[in-house]
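Asks: Starting from the known structure of chain Z, fit chain C onto it as the hints suggest.
Number of protein chains: 2
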Amino acid sequence: MLIHSASQLITLEGGPQRGSKLGELGVIENGAVLIRNGLIEKVGGTEALINNYPDEERFDAKNRVVMPGFVDPHTHAVWVGDRANEFEAKLAGKTYLEILAEGGGILSTVSATRNASLDELKTQSKERLMSMFKHGATTIEVKTGYGLDLETELKQLQSILDLDEEGPWDLVPTFLGAHAVPQEYEDNPDGYVDLICNSMLPELINWWNQSAKGRSLPFVDVFCETGAFSLDQSKRILSSAKELGFPLKIHVDEFDNLGGASMAVELGAYSADHIVMTSENDIKAMAKSDLVGVSLPGTPFGLAHKEYSPAKSIIGNDGYLAIASDLNPGTTWGENPQMIIAIACRYMKLTPAQAIAAYTINAAKAVGKHAEIGSIEPGKKADLLVLSIANYQQLGYRYGTNLVDTVIKDGNIINYRN
Amino acid sequence: MLIHSASQLITLEGGPQRGSKLGELGVIENGAVLIRNGLIEKVGGTEALINNYPDEERFDAKNRVVMPGFVDPHTHAVWVGDRANEFEAKLAGKTYLEILAEGGGILSTVSATRNASLDELKTQSKERLMSMFKHGATTIEVKTGYGLDLETELKQLQSILDLDEEGPWDLVPTFLGAHAVPQEYEDNPDGYVDLICNSMLPELINWWNQSAKGRSLPFVDVFCETGAFSLDQSKRILSSAKELGFPLKIHVDEFDNLGGASMAVELGAYSADHIVMTSENDIKAMAKSDLVGVSLPGTPFGLAHKEYSPAKSIIGNDGYLAIASDLNPGTTWGENPQMIIAIACRYMKLTPAQAIAAYTINAAKAVGKHAEIGSIEPGKKADLLVLSIANYQQLGYRYGTNLVDTVIKDGNIINYRN
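Residue numbers (our numbering), protein chains in the order written: chain Z, 1 to 418; chain C, 419 to 836.
Treat the hints with care, as some may be off.
Stated by the list, open to error - Ranges of calculated distance between the beta carbons of each label pair, as one might list FRET restraints:
(1) C:499 / Z:29: 12 to 22 Å
(2) Z:280 / C:660: 23 to 33 Å
(3) Z:316 / C:673: 26 to 36 Å
(4) C:673 / Z:388: 48 to 58 Å
In case anyone wonders, no lab produced these hints; they're calculated from the structure. Predicted, not measured: the structure shown is a model, and the values here were computed from it. The beta carbon of each residue, even a glycine, is placed where N, CA and C say it ideally should be.
Just chain Z, with the same shape it has in the complex:
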């Protein structure tokens, strides 16, 4: 199939974009893409490609932008229930502690997810993934972390593996057993860290080898934050995971700077995520490494916080910056990557071009997949979006709606408008 006549073809060719390179879109005006067997075969001008492949089936993208599908490198999309009542209660003046005392907060989602069947978990999660996909996310990282016991964590992983097969999207699984300390270990958090290191991670490997049909191991992630896991505890978990061969990720500096990003650099993690209260030292350590800083602007927006990731400093220090949705039931239930871009433009002062690169090629690097996805280059997966706008700048400028006209996944045209 030949997609042709795109007003702008955003190729993002040349690999992940460090520092001031962020936002080099590689725009081809009146561009075209040849797709064969689910892969991108040729990229160029419309006239040349139509001349060279006159008999190819055609898709006319006139007056529309064609770009790579969004890669969402940080979500908690697999859960059961909602916390809308807490959202209203907080606005009506209830404090966080009052809500916790009534059984609210993350542990209420843990409880609902533990009590749910695999089918319920899959049904509710699939709706969210479908919404993300319709809004342009073709690859989506999904974390566990609403189980906090092996059985439920594996149920979440099973959901992710099943939903990866059942839906048009690609899912990237991450084990986040260290999302919070479960109530059973309230008085003995180090005991929970021991459990993860000595029991959950090794058992996960056995389970994975039986259940995941030869897939490489999932990421292991830790929530390194005051009130969750300390720097030492986080290091113990990630070091154990590394020894067992897991690739690593980390949540850091959402509310507090503990030095987790520098530690993640030392351990060779793929990404450090949230990075709001990150110190200049941590930013410099990240920038000297291959690690991607993943900013989650939906979270401060969701919480109406004033502080966002220091994007200018990350870029100025020549680091890799990606953005993601952080989709979760507590702080930010937003399934639309375009809305995340709109927030990033306003509150992190990214240009639309920078935000697009951060949500595609750099996001692909954050999940270790930049050789397969995140740009429109020969040999990559044909995961493309046709937008209902003629100029990419309208992403970010316009907000709250869906500017995706058509999603093309593995070369298949999937048009949810019809």
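Replies: Same frame as chain Z, now just chain C:
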């Protein structure tokens, strides 16, 4: 037709909601609505209505919220072109003055709108109105103000009248010739005020009587703000309009407090809009009157400003508060009322219930139509939304997507999902 089994039927019965009454949703669980001839005939529980009207055609709203359509009482939806390039230039570091010097800002939209044919203007505007309608706005106020000469202002009004007939929505027209001082009057702003008072308004009446098929006169609105029209100029324009019989609206306190809200109260205006930097005096004057304060939270969001309307104070003083989108190409291109609610919850600390009342029954009052729309009560228009959520609290909590499953306008089911 009988809409039945709604998990929550949000009636908003009892008229516009002052002060602490804001947010009284009048929820009927397992609710039903009987619609005949485009009007609401009965409202009640599902069992009773099914028993009383067993042969009525049925619409099953199981697991879904049914609520009145959103009334958007403040938009500038009719224009040509976009200012996405300015949005990007500002983020890349250009100043407002540099952009103005390059012909940008509101006057670039004025120039594009002057140069457009009626057909172009209608085609581009219709797309936006359709997007608003799909996201739940069944009645939409639309202002002129990108003409700033009689000919183009009338072209905008003609578009509004035509689009009102051509689309499923109801449009409420407003004349905003005093949106900005046009370049021709740069050195003589009072001359432009004279032109509006002595020539444009009287000629508008003649045109209206010939063109508007017996419709009552449109609103007249003024942008009362430093850099636009002074308090004196605004008063001259609104007083002239009042003498000629026009109903009044005013833009005040977006950036600066000039006392416009109190002046609008004295003149008996229907609403004062923006109301961000509004003084305590002005808030008290509004609260003692019948005027509705219309907050436009998309605008500070669009501009990444920190100040939003002082909702708590307006409510605490027992005033009427409504919210609206302010859809326009300069500061906020967002067509989704649900996103405006999400912003209002986070930055004005409205609860979802308060935001829903502010965007329906109180918004209807801001355009003088609360006897016809804005609630689900017998005798009102059957303008309803069926939401794809079981609990109204999810509005505001979830953001950036479209939670409207089905729009019902004048009793007709219009489902844009299919």
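Asks: Just pull the numbers of the violated hints for me, sorted ascending.
Replies: Those not satisfied are hints 2, 4.
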